[in-house]
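Participant: Using the sequences provided together with the hints, build the complete structure.
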Amino acid sequence: MKKIVIIGNGITGITAAREIRKRSEYDITVISGESHHHFSRPALMYIYMGHMRAEHTKPYEDWFWDKNRISLRYGTVTKIDFTTKAVLLESGESIAYDKLILATGSKSNKFGWKGQDLKGVQGLYSLQDVEMMEENTKHLANGRGSAVVVGGGLIGIEVAEMLHSRHIPVTFLVRENIYWGNILPEEEGKLVERHIRAQGIDLRLSSELQEITSDSNGRARSVITKNGEELNAQFVALTAGVSPNTDLVKGTDVEVKRGILVNEFLETNLPDVYAAGDCAELKISDGTSKVEQLWYTGRMQAEALAKTICGNRTKYQRGIWFNSAKFFDIEYQTYGFVANKVRDGESHFYWEDASGTKSFRIVFQNASKVVTGVNTFGIRQRQAVWQRWIAEERKITDVLTDLGEANFDPEFYKQYEPEIISKFNQDYPESVVTLRRAKGLFSKLQVKFSPILTR
Amino acid sequence: MSQSLLKSVRSFGLILFLIGLFTFSLSLFLGTYSLTEDILTGSVTSSSDREKLSLALKPMLDKTYSNQFEFVREYHALFNDLNETAKREGKWGEVIYADYSFILTKNSTQGFLRENQASLFFFAIIITLLGALLYILPNFSLLGIAGIKNNGVWSNPASNCSWLGFLSAAYLIGFYMFLYFYPEYITGWVLLVEPVSLFLSGKPADQWFLYGFLYTASALVMGVRMFTKYRHSNYQLLRTASVMFFQSAFAFLIPEILKSLNLPSRDLKNIFPLDYSFFYDYNLNYLSSSGTLGLFMLFWGVVLFVLGVPIMTYFFGKRWYCSWVCGCGGLAETLGDPYRQLSDKSLKAWKVERILIHSVLVFSAVLLTFSLYSYFTHESSLLGVETWRVRQAYGFLIGAVFSGVVGTGFYPVMGSRVWCRFGCPLAAYLGIIQRFKSRFRITTNGGQCISCGNCSTYCEMGIDVRAYAQRGENIVRSSCVGCGVCAAVCPRGVLSLENGPEEFRLQELIK
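Here the protein sequences come in this chain order: H and P.
Using numbering that gives the first Met the number 0, the first residue of the first sequence is number 0, and each one after it goes up by one.
Using numbering that gives the first Met the number 0, the first residue of the second sequence is number 0, and each one after it goes up by one.
Keep in mind that the hints were calculated from the coordinates and are not lab data.
Treat the hints loosely; a few may be bogus.
Straight-line distance between alpha carbons at most 25 Å, and here's what the computed DSS-like set of lysine-lysine pairs gives [as the list claims (entries may be wrong)]: (1) Lys-256(H) - Lys-225(H); (2) Lys-6(P) - Lys-57(H); (3) Lys-84(H) - Lys-368(H); (4) Lys-57(H) - Lys-350(P); (5) Lys-137(H) - Lys-350(P).
Here are a few chain H residues that sit away from chain P, every Cβ distance over 12 Å (derived from the structure) [claimed, not checked]: (6) Glu-89; (7) Arg-143; (8) Asn-216; (9) Glu-330; (10) Gln-364; (11) Gln-425; (12) Leu-434.
Here are some chain P residues the structure puts well away from chain H; computed CB gaps all over 10 Å [unchecked claim]: (13) Phe-23; (14) Gly-41; (15) Asp-61; (16) Thr-84; (17) Asn-106; (18) Phe-120; (19) Asn-150; (20) Tyr-170; (21) Ser-200; (22) Leu-237; (23) Ser-276; (24) Phe-298; (25) Gly-307; (26) Cys-451.
Given the structure is predicted, the values throughout are model-derived calculations rather than measurements.
The C-beta atom is built at its ideal place from N, Cα and C for all residues, glycine as well.
Facilitator: Listed below in C-alpha cells is the structure:
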C-alpha cells in the first residue's frame, strides 16, 4: 500500500489527507510540529479575544482521525531524504514515503528592522504566536500599556482588533496611503479606514517603521517611524505579510523561488514530491508565477492534488475567484475579479449607504456589459448566485434586475437593493433598471441551488 | 455620557444587584411564625380538615417560632401523628390527604418580614432588577460599535463554566428544589410578591405566582441585555421582543387578569405535551364547564396541538415556537444567553440527546393515552396500571425534575437549552416535522466557510454547525430552534436561516 506523508496539518495538509482517504486506502501520515490536531488558523484571533477556547477551533473531534485511519504525528521534520524517500524527525525517527506533500504554510515577514527580535515584538501566524501574544500583552490590558501594529493587511487589522478587545490602545501603521490599497479600491479602503478610526484605533497611513527601541530589560519600549515620530509601545505586532515557509527544502534539489515551485498539477521538480497551499509557488503558462495565501485556495489546491495522487491527474483550477474577510464589525465579500483601480475597457459602478459603512461595487465590461466582479461591504451575498451570474457572463442590467436573489443577509435586515439600483439609474440613465425581486420572508426564493462549486 | 461615567453606572448597578440578591436571600430568614385559630380557620377551607387540624395542631397555637424550619418541623410532626394514629386505628375517614404546610406557614408569618413586606419587596426585588438594568444599559455605549461582542466570554468565570458558574447553578438548583418540592420553606419570598398578585388578580400569591413573576422579570431584564448585545441584528431584536411579549402578556398578565375576572385562566400559547396537564380529566372538565371562554380554550389547545404545530412548522420550522413564542425558549434566549456556548457539541452528546428527548416524547404519548382513556371511560386503570400513577410519575420526573431543576438549574454548566434539547417532548414533536416536512433550513454560503467554529461554539442546541458549513451542506436538524445566532456570529456570512422550497433543501453541493 502506498505511503503518503504530508508535512503540515493546516487546511491544505488536512484537506489533502481527507480527500485522499475518500478516494483511496493509502497509508496516510500527517506531521505537524505546531499542534497535535488540525485547527482553524483564521480562528486564532478569537481564542485571544475570548470568543472561543483553542479546543473550539478544531474542526473535527479527536476521534475523527483514528476512525478515518489518518495517522497524526506531532513533531518537527528536520530533513527530507529525497533519494531514499524518507523524512527525518527531530526525535531521530525516520518515516518513509512513496509520495510526499509539502504543506508547510507561511512565516511572518520581518524586514530586518532594528529591534525586530526584542521581547514584546512578534508576528501572528501560529498557535504559538497566539500563546506568545497572550504572554506579551497580559500586563497591558485596560490601558496599562500601548501597542503598535505594523503593516496594513488582513493580519494587521486582526491583531488591532484583538488588542482593542483587551482595551489596549493601538496605533496602526500602514505603509500605503490607502488601507489594503493593493487590493481595495480607494472608496472601500476609505470605508474601512473610517471604521477602524471609529473603533478608536489610531490609524496612520503612509507611515513606516524605522526601528523599535528597547527598555533596560530587552523589551520593546517604543516605535520610531520613518518620519521620526516616537510612539510608546510595550507590544509591537509585525504584520507586514507572510512568505512561503520553504526552510525545509531550501538548499535541496527541490526548486524554490519565493515559494516551492510547482506546476499546475502542484508537482515539484522532483518525482513524487508535491507542494500546495501557502508554501507553494504556482508556475503559470505565461512564464510568471504566483503565491496564493488564502484559506480557500489552500483547500482547493489540496482537493485537486488529492485527485492527482489517487491516480486522476488533475490541474488546479480555482474557478471563479471569491474571497471574504471581516474588518472589525464590517464583513467583506468579493466574487469574480475587482481590481483596486479601473482597468482599460471596464467600468466600476459604486454605491455606498448614507452611514458610510455599507458598499457595493460591480465591475462590468464596457463593450459587452458583462459583469466580471463584485465587492460588497456590510451586505452578505450568495456565492452560488454570483458564481452562476459570472460564469454565464450576465450583463450588468440583468444582474441588477435580479439583485435580490443574491442577498444573503439575515431575515428582517434592511435591504439596500432599491437604493443601489436607483444610484445606478442615476449614474447610467441610458440603461434604466427596475428591481424585479427583493429577498423577502415569504418570497418563493427561486434561487437555483446550482452545483457549480468545485467542492 | 463619558465612558468612565458609564463604567461607574455599570459598577453601581452590579453593587445594587448584589445588595438586592443578598436581601432577597436574607428575606427568607426574617420572619417569625405563629399559628392562631384565626389563621387556621382562614387557611383551611375544608371544614372537616379544619376541625381535625385545630385539634391536632393545638400544641402549636399561639406559640412563636423563630424560623420556618422549626415551624414546619413541628407541623409535620403533629400532622403525621394525626394521620398515623388514624391509620393505626383503621379510621381511614380521619386521615387528611391535603397538604396544608405551605398555606399555614405562609399565613402564620409574622415579625420583620410581615411588618416590612413593602420595603423588602423594594430592596430584595426592585433593587435587584434595577441593579441588573443599570449593569446592562450602559452596554449600549460601552460595547462599542454594533456587532458581535463575545469578547472575554471564555475568560469570564460567570460564563466559562468555572466557580461562578457552579455557584450560580447551585443557587438556581436550590431555588427549583424548594419551589417544586418544599415550597413551605420559601413562603417568605411568596409574601414579598403577594401585593403584586393582589393588585393583578385580587388573589393571594402562591409559589407559582412567585415563579411566574421572577420568570417574567428575568426574561424582560435579560431581554434588554439581548437588545444591547445584538443591536446590529434585526432578526435578534424582533425575536427577543417577541419572546418578551409572549412571556409577559400570554404567560403572565393575561392569565392573572382572567383570574381577577373570575374567568377560566390559561396560558394560551402553551401547547401539549409541553403543557402536560392539558388532557388531564380535571383540566378537560374544568374547561368544558367554564362557559364559552373555557370551550374556546379547550378548542384552541387541541387545534394548536393537532394543526398549529404541523402547519406553522412546515412553513417556518420549529423556530416559530421555540425561539419566538415559547416560555422555556424565552427564558433560554434571555436569561440563558450568557451560557449558550456551554452546550456539548460532541457526537456523543447528540446520541444521548436523541435517545432522551424521544423517550420523553414516547412517555408523553403514554401519558396522553392514559389521560384520555380515563377521561372518556371513567376507568381509573389501563393495562393494570392506575392512570394517576402515570400522571404522577410524569409530573415528578419530567414536569418538575427535568424541565425545572435540571432544565434551568444547569444553565450555567450545560448551556441554556438543556430542557429544550434533551427533554422537551413538544420540541421533539416540532423537530420531527422540521426534519422531515418543512421549508426551513440553514443555507450554507458555498465555499466561504473558514471552519473557525464560532457557529458551533455559540449554538445553544449543541449542533456542530461547522461540520455542515465547511462541507457546503445545508443544515436540516430536528433540534435547531432557529435562534439565528450561528448566522450572527459567523465572520464570513456563511449561514442564513431561510424558509424556501422543499426541493434542494437537503442538497449537498455536488463534488
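Participant: Are the hints correct? Go through all of them and say.
Facilitator: Quick rundown of the hints versus the structure:
1. Lys-256(H) - Lys-225(H): With Cα atoms ~30 Å apart, Lys-256(H) and Lys-225(H) exceed 25 Å; violated.
2. Lys-6(P) - Lys-57(H): violated (36 Å)
3. Lys-84(H) - Lys-368(H): violated (54 Å)
4. Lys-57(H) - Lys-350(P): holds (20 Å)
5. Lys-137(H) - Lys-350(P): violated (40 Å)
6. Glu-89: holds (28 Å)
7. Arg-143: holds (16 Å)
8. Asn-216: Asn-216(H) clear of chain P: closest Cβ-Cβ about 27 Å, beyond 12 Å.
9. Glu-330: The claim is violated: Glu-330(H) sits with its nearest Cβ about 5 Å from chain P, within 12 Å.
10. Gln-364: holds (24 Å)
11. Gln-425: holds (28 Å)
12. Leu-434: Leu-434(H) clear of chain P: closest Cβ-Cβ about 20 Å, beyond 12 Å.
13. Phe-23: Non-interface label stands for Phe-23(P): nearest chain H Cβ at 30 Å, farther than 10 Å.
14. Gly-41: holds (53 Å)
15. Asp-61: holds (60 Å)
16. Thr-84: holds (62 Å)
17. Asn-106: holds (50 Å)
18. Phe-120: holds (38 Å)
19. Asn-150: Non-interface label fails for Asn-150(P): nearest chain H Cβ at 4 Å, not farther than 10 Å.
20. Tyr-170: Nearest chain H Cβ is 24 Å from Tyr-170(P), so the label holds.
21. Ser-200: holds (36 Å)
22. Leu-237: violated (6 Å)
23. Ser-276: It holds; Ser-276(P) is separated from chain H by about 35 Å at its closest Cβ, greater than 10 Å.
24. Phe-298: Non-interface label on Phe-298(P) holds, nearest chain H Cβ at 28 Å vs cutoff 10 Å.
25. Gly-307: holds (18 Å)
26. Cys-451: Contrary to the label, Cys-451(P) does not stay out of reach of chain H, its closest Cβ about 4 Å off (not over 10 Å).
Of the numbered hints given earlier, the model fails hints 1, 2, 3, 5, 9, 19, 22 and 26; all others are met.
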